[in-house]
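Line by line, the protein sequences are chains A and B.
This note's numbering puts the first residue of the first sequence at 4, with every later residue one more than the last.
This note's numbering puts the first residue of the second sequence at 37, with every later residue one more than the last.
The hints are simulated quantities; they were obtained by calculation from the structure and are not laboratory data.
Bear in mind that the values here come from a model prediction, so they are computed numbers and not experimental data.
Treat the hints with care, as some may be off.
Said to hold, decoys possible - Partial selection, computed: residues in chain B whose CB lies under 10 Å from chain A:
#1 Gln42
#2 Pro79
#3 Gln137
#4 Pro141
Stated by the list, open to error - Straight-line alpha carbon distances no greater than 27 Å define the calculated DSS-like cross-link-like pairs of lysine-lysine that follow:
#5 Lys74(B) with Lys111(A)
#6 Lys103(A) with Lys77(B)
#7 Lys54(B) with Lys89(B)
#8 Lys111(A) with Lys45(B)
Every residue gets a Cβ at the ideal spot worked out from N, C-alpha and C, and that includes glycine.
Listed here are the chains, written in short residue letters.
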Amino acid sequence: GDSVTQMEGPVTLSEEAFLTINCTYTATGYPSLFWYVQYPGEGLQLLLKATKADDKGSNKGFEATYRKETTSFHLEKGSVQVSDSAVYFCALYSSGNFNKFYFGSGTKLNVKP
Amino acid sequence: DTEVTQTPKHLVMGMTNKKSLKCEQHMGHRAMYWYKQKAKKPPELMFVYSYEKLSINESVPSRFSPECPNSSLLNLHLHALQPEDSALYLCASSLTGQETQYFGPGTRLLVL
């Protein structure tokens, strides 16, 4: 079945450090891939997405590239800020699973001043 | 505008109460979803409505009863809940069910 695996957290970084959160997936169809962010006490916000292999999604300095050969969609940011502290969820939607998203377990990011 | 609204923001209820959660979107989306999220966990899908018809019920107990009165509105009726049902309840919508899901801010439910 379809699934998403994320790196375990929490990830603790100092401000302006480089961020990578790993995400790999298993899918039977041709998935679209997403990163969502959840700030404390809030719902999920779409951060970025990619719908086909080699696409790069980007938003607010965050980037992720859809790598079919390694079945990965790692999230990166060159210089994190304290305001980036949140939980990040990798997710996939596959054409073989109408209406269902599969979420990773989430990775908590703590950024220290 | 990619806004999904949910009311109330917080809800405390006893195990014998009946209450309802409300979700609304005005983006013309035809698929709407209810998720349950426990602390430090990803959202778990509960129900999916597609074109106002229930298309997925993830074996949710009958004390949760969804309703989709029209294409913009989704309700979740709660009755005789258990303390373990305490969680953040998230609503989401997507254009036709095969694209990006947009989430509301959630209702934080506490069952005493």
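The hints, checked one at a time:
1. Hint on Gln42(B) holds. Least Cβ distance to chain A is approximately 8 Å, under the 10 Å limit.
2. With 10 Å as the threshold, the beta carbon of Pro79(B) comes within range of chain A, its nearest partner Cβ sitting at about 6 Å, so the hint holds.
3. Against a cut-off of 10 Å between C-beta atoms, the interface hint on Gln137(B) holds, since the closest Cβ of chain A lies about 6 Å away.
4. A distance limit of 10 Å between C-beta atoms decides the matter here; for Pro141(B) the minimum to chain A is near 4 Å, and the interface restraint holds.
5. Of the pairs offered as hints, the one joining Lys74(B) and Lys111(A) holds, with about 15 Å between alpha carbons and a cut-off of 27 Å not exceeded.
6. For the suggested pair Lys103(A) and Lys77(B), the alpha carbons sit about 17 Å apart, so the restraint of at most 27 Å is met.
7. Simply put, Lys54(B) and Lys89(B) have alpha-carbon atoms about 23 Å apart, close enough for the 27 Å limit, and the pair holds.
8. Restraint check for Lys111(A) and Lys45(B): satisfied, since their Cα atoms lie roughly 23 Å apart, inside the 27 Å limit.
Of the numbered hints given earlier, the model fails none.
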